[in-house]
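Residue strings, one per chain:
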Amino acid sequence: MRFKAVLWEEWIVFKRKFWKITSSAMMSPLLYMIAFGWGMGKDMTVEGTPYIVFLIPGIIALSTMNTSYSAVAVLLNIHRLYDKTFEQYLIAPISIYQIVSGKVLAGALRGIYAGFIIIAVARLFAVNIIISLPFILLMFVNGLAFASLGFYAALVVNSHADMNRFSTYVIMPMTFLCGTFFSPEKMPQFIKKIIYFLPLTHASQGLRTLATGGNFKMTNLIVLSIYFIIIFLLSIRQCYKVTA
Amino acid sequence: MIIRSIYTMTKEKNMIEVLNINKSFNEKKAVDNLSFRIEQGSIFGLLGPNGAGKTTTFRMMTALLKQDSGNIFIDGKKIDRDEDSIKKNFGVVSQHFSLQSEMKVWEILELHGMLHNINKKIRKNKIYNLLKFSDLYADRDKLSKNLSGGMKRKLMLIRAIMHEPNILFLDEPTAGLDPISRRDIWALLKELKKKGLTVVFTTHYIEEAEKLCDEILLMHKGKKIKKGIPKDLIKKVGNYTVETYEKGKLQCYFFKAHKESLDFAEKRQEVNIRKSNLEDVFIKLTDVRLGDKNEI
Chain A
1 MRFKAVLWEE WIVFKRKFWK ITSSAMMSPL LYMIAFGWGM GKDMTVEGTP YIVFLIPGII
61 ALSTMNTSYS AVAVLLNIHR LYDKTFEQYL IAPISIYQIV SGKVLAGALR GIYAGFIIIA
121 VARLFAVNII ISLPFILLMF VNGLAFASLG FYAALVVNSH ADMNRFSTYV IMPMTFLCGT
181 FFSPEKMPQF IKKIIYFLPL THASQGLRTL ATGGNFKMTN LIVLSIYFII IFLLSIRQCY
241 KVTA
Chain B
1001 MIIRSIYTMT KEKNMIEVLN INKSFNEKKA VDNLSFRIEQ GSIFGLLGPN GAGKTTTFRM
1061 MTALLKQDSG NIFIDGKKID RDEDSIKKNF GVVSQHFSLQ SEMKVWEILE LHGMLHNINK
1121 KIRKNKIYNL LKFSDLYADR DKLSKNLSGG MKRKLMLIRA IMHEPNILFL DEPTAGLDPI
1181 SRRDIWALLK ELKKKGLTVV FTTHYIEEAE KLCDEILLMH KGKKIKKGIP KDLIKKVGNY
1241 TVETYEKGKL QCYFFKAHKE SLDFAEKRQE VNIRKSNLED VFIKLTDVRL GDKNEI
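If you read the sequences in order, they're chains A and B. Take 1 as the starting number for the first sequence in the working numbering and just add one per residue. Take 1001 as the starting number for the second sequence in the working numbering and just add one per residue.
To be clear, the hints were calculated from the coordinates, so they are not data collected in a lab. We treat Cβ as the ideally placed atom computed from N, Cα and C, and that holds for glycine. Among the hints, a few may not be true.
[To be verified] Facing chain A, a subset of chain B residues (Cβ under 8 angstroms, in silico):
id, residue
1, SER1024
2, ARG1081
3, LYS1087
4, VAL1092
5, SER1098
6, LEU1099
7, GLN1100
8, HIS1116
9, LEU1131
10, SER1134
[Said to hold, decoys possible] For each label pair, taking beta carbons as the anchor points, the in silico distance ranges come out as:
id, chain 1, residue 1, chain 2, residue 2, range
11, A, PHE125, B, ASN1146, 38 to 48 angstroms
12, A, PHE125, B, SER1085, 52 to 62 angstroms
13, B, PHE1264, A, TYR240, 34 to 44 angstroms
14, B, ASN1146, A, SER23, 22 to 32 angstroms
Isolated chain B (complex conformation) (with noise of 0.2 angstroms):
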C-alpha cells in the first residue's frame, strides 16, 4: 500500500521519463544515454547549441522517431507510434510551419479535431474560441500559406491544444519571429502554463529559456551537461561575468559577487563586466557558445 502511494505521488510528479535513450544516425550519436525527468506543470527546456541534438530528443519523446535502446514514458505510458492513448494526451508544435498550404485557417483546426474525435458541436465551439484567443478569428478564412510566421506559429500552437493535452511539446517555436510574434508565444506558453499544462520546448535562445523555464535541461554532443533551476544553475556559476580579450581571443571569468568581479576587472584592460546568463554557465560546463558550434 505505502509503495503504491509513494510510486503514485512519483508518477504525479514526473509527467515524463526519459531513461538512458540512444540515437544514431550513420553511425553517428546524435543522442547519447540521456536521462531526465519532467515534472508535471512545469516549463521545461531543452537548451544547446545546433547539433546538441534536442530536435532529435524532442522526435523521440512524440513518437516521431524511434530511439535505438532507452525507454521514455510519458504519464507512466511507454511511447509508441501505434499507441493512441498516450498521443491524445500531448500536443505538439515543430520547428517548421507544418500547415497544409492549400486549407484555410479554420479547416485546419477542424481537421485536428475529427482527428481527435472531437464531437461536431464542441469542436465548433473549440475552433471559434481558440480563434479568439489567439487573435486569429478574423484571419480564419485565409489560407494557412498567405499567413506570416507569427500567425503561422499561433496557429499551430492553438491547433496543439485544440483537444486539450496534458503535455505540449514545442521544438523551437520562435525560431525566425519577430521580437513582437516571440513575445505573444511567450505570453500564450505561460497562459498554458496558468492552466495546468506541462510545457516542453526546445531552444538555443538564452533569454527564452531564462525567461521561460523552471527547469532546464543544457545539451551538448547528444549529452546532458546539467539539469536544473535556471537562477540556480547561474548562482552556481557565479552571479557576474567578466568578459576579456586574452591573446584575441575573448575569455570569461565568473564571480559570486559583484565586488570581486570589480576587483578582477581593475587589473585588467577592455573588459567588460554583466550579470551571468544561462550561456555563461553552458561555457564554463563545455567551452562552447550557445549561439555557434566554436569553442572560445
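Next up, chain A with everything else stripped away, as it sits in the complex (with noise of 0.2 angstroms):
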C-alpha cells in the first residue's frame, strides 16, 4: 500500500500534466529526428543502415534516459528544498528503500512513455524498427539507472542552480557521446575507452542492435543493470541521511 501511494502520486501529476509531459517528451527528439535525421543525414549510411533508422534508436535510449532522470531530479529537488513536499514521505511510516524505489520505478515507467512517443513519431514517418520484449526491457533498465541518478542527484544537491549544473557535467556529455548520433567506434582509442564505460552506450548500443534485427546482447543488460544496483543503493543511503 505504502510503496502504491508514491506511485499513485506520480500518477495523479502525470494525468494532470499529461499534454505538458507529452508535449515536452516530443520536442527535443522530433528536432534531433527533423535535423540529424531527415535534414541532414537524409541520404546517409552508417554502418551499413540509413542514417535516420541508425538514429532513432540512439534517440530512444537519449529520451529515456533524459526524461527518467528530468522526472525524479528536477521534481524530488523542488519537493525538497523549495516546497518541502519531501517531508511528508520522511515523516509516514514509510520505509526509506519503499520510497527510493517508488520514485525510480515512476521515472523509469515515464522514461518508457517517453520511448514510446518517438516509436509512434517515427512509425508516423514510416520510419520502423523492429521493437521486441528485450528492447523494452532494455529501455526499462536504462530508465532505472537514469532514474535513481536522478534520486541521488536530488539528494545531493543542495540548491536548483547546481542541478543544472550536475546535468550539464553529468547527462550532458553522454546525450551527445554515447553513440547516440554517431557510432563511437571511430572516436580515439582513449576516449571509446571512457564512452563505452558509460551507461548510455550500452542502451544506444543495445537498442540499436535489436531495432535492426540484431541478437540481444547481454553486456549491454548487465552493465546497465549493475549502474542501476549501484546507483540505487547510494540513493538509498543518501536518503538516511538527507535533510528535508
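Need the complex rebuilt from these two chains, each delivered in its own frame; the hints are there to steer you.
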C-alpha cells in the first residue's frame, strides 16, 4: 500500500500534466530527428543502415535517459528544497527503501513512455524499427538507472542552480558521446574506452542492435543493471542522511 | 514490580523526553545541551525569538533532522528515521505550506491515508469527516495551490491528524495568517486537546503561547531558559510591568502588586503600566525581546 502511494502520487500528477509532459517529451527528440535524420542525414548510411534508422534507437535511449532522470531529479529537488513536500514521505511510516523504489519506478515508467512517443513519431514518418520484449526491457533498465541517478542527484545537490550544473556535467556529455548520433567506433582509442564505460552507450548500442534485427547482447543489460543497482543503493544510503 | 509500575507511571506521564540534545550547523551551535519532558495530553509550546533553535529542535523531534548527540524518546521509543512505529504515533504540520501544488484537496488526504496504510473504506469516511470538521468540504476538488493561506494550514492540520496520532507537532502553525484564520487554528487545537492529543508547537507569538499552552519552554540561543506553566512564570517575574524610557532606551520593571507598580510609576515621567506577559518573562531572563534579536 505505501509503495503504491508513492506511485499513485506520480500517476495523479502525470494525468494532470499529461499534455505538458507529452509535448515536452516530444520536442527535443523530434528536432533531433528532423535536423539530423531527415535534414543532415537524409542520404547517409551508417554501418550499412540508413542514418534515420541508425539514429532513432539512439534517440530512444537518449529520451528514456533524459525523461527518467529529469522526472525524478528536477521534481524531487524542488520538493525537497522549495515546497518541502518531500518531508511528507520522511515523516510517514514508510521505509526509505519503499520511497526510493516508488520514485525510481515512476521515473523509469515515464522514461518508457517517452521512448514509445519517439517510436510512434518515427512510425508516423514511416521509419519502422523492430520492437521486441528485450528492447522494452533494455529501455526499462536504462530508465531505472537514470531515474536512480536523478534521485541521488536530487538528494545530494543543495540548490536548483547546482542541479542544472549537475546535468551539464553528467547528462549533457552522455547525450552527444554515447553512440546516440554517431558510432563511437570512429573515436580515438582512449575516448572510446571512456565512452564504453558510460551507461547510455550500452543503452543506445543495445537498442540499436535489437531495432535492426540483431541479437540481444547480454553485456548491455548487465552493464545497465550494475549501474542501476549501485546508484539505487547509494540513493537509499543518501535518503537516510538527507535533511529535508 | 514496584520499580516497573513507577517506570510505567513516568512513561505514561511523559509522552516526549528530550535528553541532552546538541546540534550544530557549520560549527555554530543551534541547540545546546537541551533537555525537557512533555506530559501526555498537554499543549506544550516552544517559545523564543528567531534563531532560538525552536525549529531545529522541532525537526529533531520529528526525525527530519538528526541530532549530533543526545536522545529523543517518543512514548518510550527512541526516535529514528526508519522507525515506523514512532512515525505512526505523531502528525506534523511544518512551517512551510508543504502541499503538493498539482494535487486536489481530497487527493492530498488520500495520499496521506495511503502512506499510513489506512483501509480504503475507512479512508473515504475519514476524508469526508475531516473535510466537514475543517470547513474544507466545499473546496475538496480545488488544487491546493489555489487555496488561501488559512485553508492551506487547515488542510495541513487535518492531514496531520488523519491517522489519529497521539502527538501533534506544529511548527509556527499560525505564522503569516490573518487574525480570523489564527483563531480558527487555535479553536481546532483546543478541540484536539480535548480528544486527548499531546500538542507540541513552536511559536514566537506571545498571545498564542499564553492562550494555548499548558506548559512552555523558553529558548534562547539554542538553550533552555525556563520551562513552566505560563501563569506561574509570569507570577514569578511579577504580574505588573512598568515600561519607561531611560536614556532613550525602553526599560521594564516588574512588580508583584499593582500598588507597588503605581508607587514606582508616580516617581517617573512617561510610564506605561500593564499586566505582565511571557515576553516580560523572557526580557527578565535574557534581556532580549521576543520580537527581535536586539537587546533592550
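Outcome of the hint check:
{"no.": "1", "hint": "SER1024", "in the structure": "violated (13 angstroms)"}
{"no.": "2", "hint": "ARG1081", "in the structure": "holds (6 angstroms)"}
{"no.": "3", "hint": "LYS1087", "in the structure": "holds (4 angstroms)"}
{"no.": "4", "hint": "VAL1092", "in the structure": "holds (5 angstroms)"}
{"no.": "5", "hint": "SER1098", "in the structure": "holds (4 angstroms)"}
{"no.": "6", "hint": "LEU1099", "in the structure": "holds (7 angstroms)"}
{"no.": "7", "hint": "GLN1100", "in the structure": "holds (5 angstroms)"}
{"no.": "8", "hint": "HIS1116", "in the structure": "holds (6 angstroms)"}
{"no.": "9", "hint": "LEU1131", "in the structure": "violated (18 angstroms)"}
{"no.": "10", "hint": "SER1134", "in the structure": "violated (18 angstroms)"}
{"no.": "11", "hint": "PHE125/A - ASN1146/B: 38 to 48 angstroms", "in the structure": "holds (41 angstroms)"}
{"no.": "12", "hint": "PHE125/A - SER1085/B: 52 to 62 angstroms", "in the structure": "holds (57 angstroms)"}
{"no.": "13", "hint": "PHE1264/B - TYR240/A: 34 to 44 angstroms", "in the structure": "violated (58 angstroms)"}
{"no.": "14", "hint": "ASN1146/B - SER23/A: 22 to 32 angstroms", "in the structure": "holds (24 angstroms)"}
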